[in-house]
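Required output: the full structure, derived from the provided sequences and hints.
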Amino acid sequence: MATRYFGEPIKRNEDPRLLKGEALFVDDVHLPEMLHAAFLRSDYAHARLKGIDVSAALEHEGVVAVYTADDLGDYWQPGPLLVPPPPVERLTFHQRTQVPLAKDKLRHVGEPIAVVVATSRYIAEDALQDIELDVEPLTPVVGLESALESDAALVHDGLDSNLAAHVIQEKGDYAAIRAKAEVLIKRQFVYDHGAAAAMENRGVVADWDSKAQQLKIWDTTQAPIPIRNGLAAMLGLSESQVQVIAPFLGGGFGPKIMMFYPEEVVVPWIAKQLGRPVKWIEDRQENFFATTHERSQIHDSEIALSKDGRILGVSDTFLHDTGAYAPYGLTVPINSQCTLLGPYDVPHYYSEFKAVFTNTVIVTPYRGAGRQHGVFVMERLLDIAAKELAIDRVEIRKRNYLKPDQFPHNHEIIYQDFAPLIYDSGNYLPALERAAEMIDYDNFIKTEQPQLMKQGKCVGLGIVSYVEGTGIGPYEGARVKVDASGKINVATGVGTQGQGHFTSFAQIVAEQLGVDIEHIRVVTGDTSEFGWGCGTFASRGAVVAGNAIHAAAVRVRKKVLKHASEHLEAAEEDLVLEGGKAFVKDVPTKSVSLGELAQMSNPLRGAVKPGSEPGLEATDYFGPERGATASGVHAMIVEIDPETMMLEIKKYIVVHDCGKVINPMILEGQIQGGVAQGIGNAFYEELVYDDDGQLTNASFMDYLIPTANDVPTVESDHVETPSPLNPLGVKGAGEAGAIPVGPLFAQAIEDALSGFNLEILKIPVSPGKLFELLQESGDGAQ
Amino acid sequence: MKPAPFDYHAPTTLAEALALLDEYGFDAKLLAGGQSLVPTMNFRLALPEILIDINHIADLAFVRNEDDGLHIGALTRHAELERSELVAEKAPLLAEAMPNVAHSQIRNRGTIGGSLAHADPAAELPAIMIALEARFRIQSQSDDRWIAASDFFVDLFTTELEAEEILTEIVIPPLPARTGCAFLELARRHGDFALVGAATRVTLDNLGACSEARIVLLSVGNTSVRAVLAEQSLQGKALTGQNIRDAALIASDQDIEPPADMHATEKYRRQLTKVLAERTLTKALERATSAP
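Sequence lines, in order, name chains B and S. Reading the first sequence from the start, the letters are residues 1 to 782 in our numbering. Reading the second sequence from the start, the letters are residues 1 to 292 in our numbering.
For the record, the hints were derived by calculation from the structure and aren't laboratory data. Wrong hints could be hidden among the right ones.
DEER-style ranges, computed between Cβ atoms [to be verified]: (1) K307/B <-> N243/S: 51 to 59 Å; (2) R44/S <-> K446/B: 55 to 63 Å; (3) E149/B <-> N108/S: 35 to 43 Å; (4) S104/S <-> E578/B: 41 to 49 Å; (5) Q232/S <-> R284/B: 42 to 50 Å.
We put the CB at the ideal spot given by N, CA and C, even for glycine.
Written as structure tokens, this is what we have:
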């Protein structure tokens, strides 16, 4: 048996460079004569912009130019609608997208108004303070419910209300089944997600080479190819004149695939205008206002059940905050709508949402991308039902899981990829049972918890399920090539944001070609290396790019075997590829290296067979018909100090099913990181807007990101239910760690405080909020 | 997040620094660890015209024991105090509080003098100094004076320091006999500014009753706040569980007017005050009982 690469916990190829500070990030790009840009941003949530005077700013020594919307001329256009609304019958959508620099009206704090270009960022920021604005403040639109009231101020003057979209999707007949239900549970839920707060803020460097007529852009984007295509069109250049490089990214998590950010549009234009390289690096304060968020939804939900706890149907009506513009279409609320169904058999479903414009930062997907909101509603409804019906919370989930013979399972509504929501595969019970075993569920509930409670300790357990639609299309591509040195080059169009692509993609190639992964060089996110593709988002890198790479590697393997068979005079089926060589099975001395084969296939003199292609190289593409559905169970034990409401996580378990695992160590890292962000969302982070539309906690002093001290080590295990929709059988895993943490906290806290009459219907929760909840419920902290 | 332009001076002696302060007064700011000043300058909330960097004045950083107590140079880094065996021995309350002072990266740069002069009501060190009855040496070109910690802090970010003065040295007197101290704080994340914190010290008389109690609270007002009524309620009394609980209730209900913010309501701060007063008193009593 040849050495295995696929499925092995191989150390990451990219880590030595990252750990030694040798990896290139956008801010590492330094070019001769480079200028620095700083943006003047709105201090107002909502205002009429009547005039801008930049003359004093221009007088600063070192300031080269100052631009406003008017200076952009015809280049000034609202951004494209990145994701059009899906083909849902009952759908209203009002397209309003962000603009490069504000003109006439300011719609959120942080919206860019003007840009100063100077010889240093310091000077540029000094000059910003001398730009004079003539502004008439307008009533800010902040609350979701009040935004839809008839007398609300309008974020967009041309619309009759702040309604951005209204969507109804239905399966079966909820009203009819409701009439027959033995149990109805109705609650209002509020789920708030936060800022991705990637370690690296955004940044753009653009360099126009007028002699070569080439524009080169370094951009912290998850989607370099669409950025290249869009900018080329906007700037009137051919795509071949524009190179976009997304080098190493210090995290992306979704907001780095919003397209196009104003700075992404304006900085390349300035570079071309001035004929000098221009750099803009977002600072942490800007990041809170200039990079997209994910935020609140308010759900009015009802579940109909039989007395034995079987789900008959669910009805859910919610409001979704889309911020000042909706360039990402309906991806987030559609994900909430679709993911709510979870791993459960829900025969009747009524789901309606309204997306609402507000004078706040734009909402686009952030790790989980609305899935959290839906999962919270469903898991909470089941918890409350379990209590009301006196059914064990694990048992009620078991009773409602889709069974293995129900796949593929059609939920009869439309998903974010415009395809019907059909789960490709799944097997939910083993993960739940394994998680219950790992957290020692029965022993904890029956023995440990009662004993600790007797000693006055408040300990509780949470256990929740979720699914994650992953690996959606449309497609990705890859090129795999054997060099004359025997090294392998792999190029793909997806960007990378720290997921370990340089290793996991190499493993896919190594599996086919028998070359150790340190000899495989993976290039992602450079449009000059590979020019077709979409980007890294929606947990699709491994599924879509991974399978494209696999397809290309399989074709190279065929070429290698064919050439080696001719050279070694042996049948292809008798050949083994291992250690960078092809050799005859059981005769390792009869061998030829891949490098030699590459050279032979690319001769400098002599004749080749007519019709043969040079080199050992292949390009291939993969586009799934629809996404692959991953799933999992999280379980946690917490202890709460009943006097202070301070919470400590004692144990955290994840059992996850993302089909075939490429690299379990990288997967564990993904899950651990996702859980950290989930814990932040559930218990620490909250974007607090006041009534004036000011974000009141736009710094890491008050926007609380959990640190290593606050995040436990996750113990994880895997169930493998391969996806039938792709040759590798993989499913995405990027968002799994982050999705179900809100309901997990809610359930575990309620369990720990079972002596009090407490229901957690809002996320995030915090010690202070728990204290208030207890005050409201009349129990009070002891 | 780039600071506005400023002139920069880096004196190597105290005399030079004092001369610069004398010259520039209110237009100047001292840069010690920079852990609060630099972020506020980057946000352009602080716009000093002159920055006097005192990090090169080597003889401002020291920890030594003398007859009248533990002497600490104002430029001594938090990390140094955290690791100092002398501090652990002579001022165990300070040692106990140090790991709560922000994060280790901040403790590597931040200085004791900087923290005290900044006078953040959520900071640990002002409360510790009041609890330990520390004295501060304040120097200017024309004056050299000492002031008690309890008189030093005036209001939010405001102290008795004049524009031309530098806090140069801190003296913590030895603890009286039969005295125990305890520090506790509660924060959302370890290293954050505390939601509430308590630095408590109790001294017992020969019969085991409380001859003196000090309860200094942080994050519940514009400065560190002494829970005076609670302290008085314990005077001369046996520190029974009931008496401690009563005192904690007085501290939380009568001694403070805590602020509300996004992390804690006023009511929640009172609850945490009660809990921390009780817990630190109990711990301090335990330590006083076993103290020489």
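These are the hints, each one checked on the structure:
1. K307/B <-> N243/S: 51 to 59 Å: Holds - the Cβ-Cβ distance for K307/B and N243/S, about 55 Å, lies within 51 to 59 Å.
2. R44/S <-> K446/B: 55 to 63 Å: Distance hint for R44/S, K446/B holds at roughly 60 Å.
3. E149/B <-> N108/S: 35 to 43 Å: The hint (35 to 43 Å, Cβ to Cβ) is violated, given that E149/B and N108/S are roughly 53 Å apart.
4. S104/S <-> E578/B: 41 to 49 Å: 48 Å, holds
5. Q232/S <-> R284/B: 42 to 50 Å: 47 Å, holds
When the structure is compared with the earlier hints, a violation turns up for hint 3 alone.
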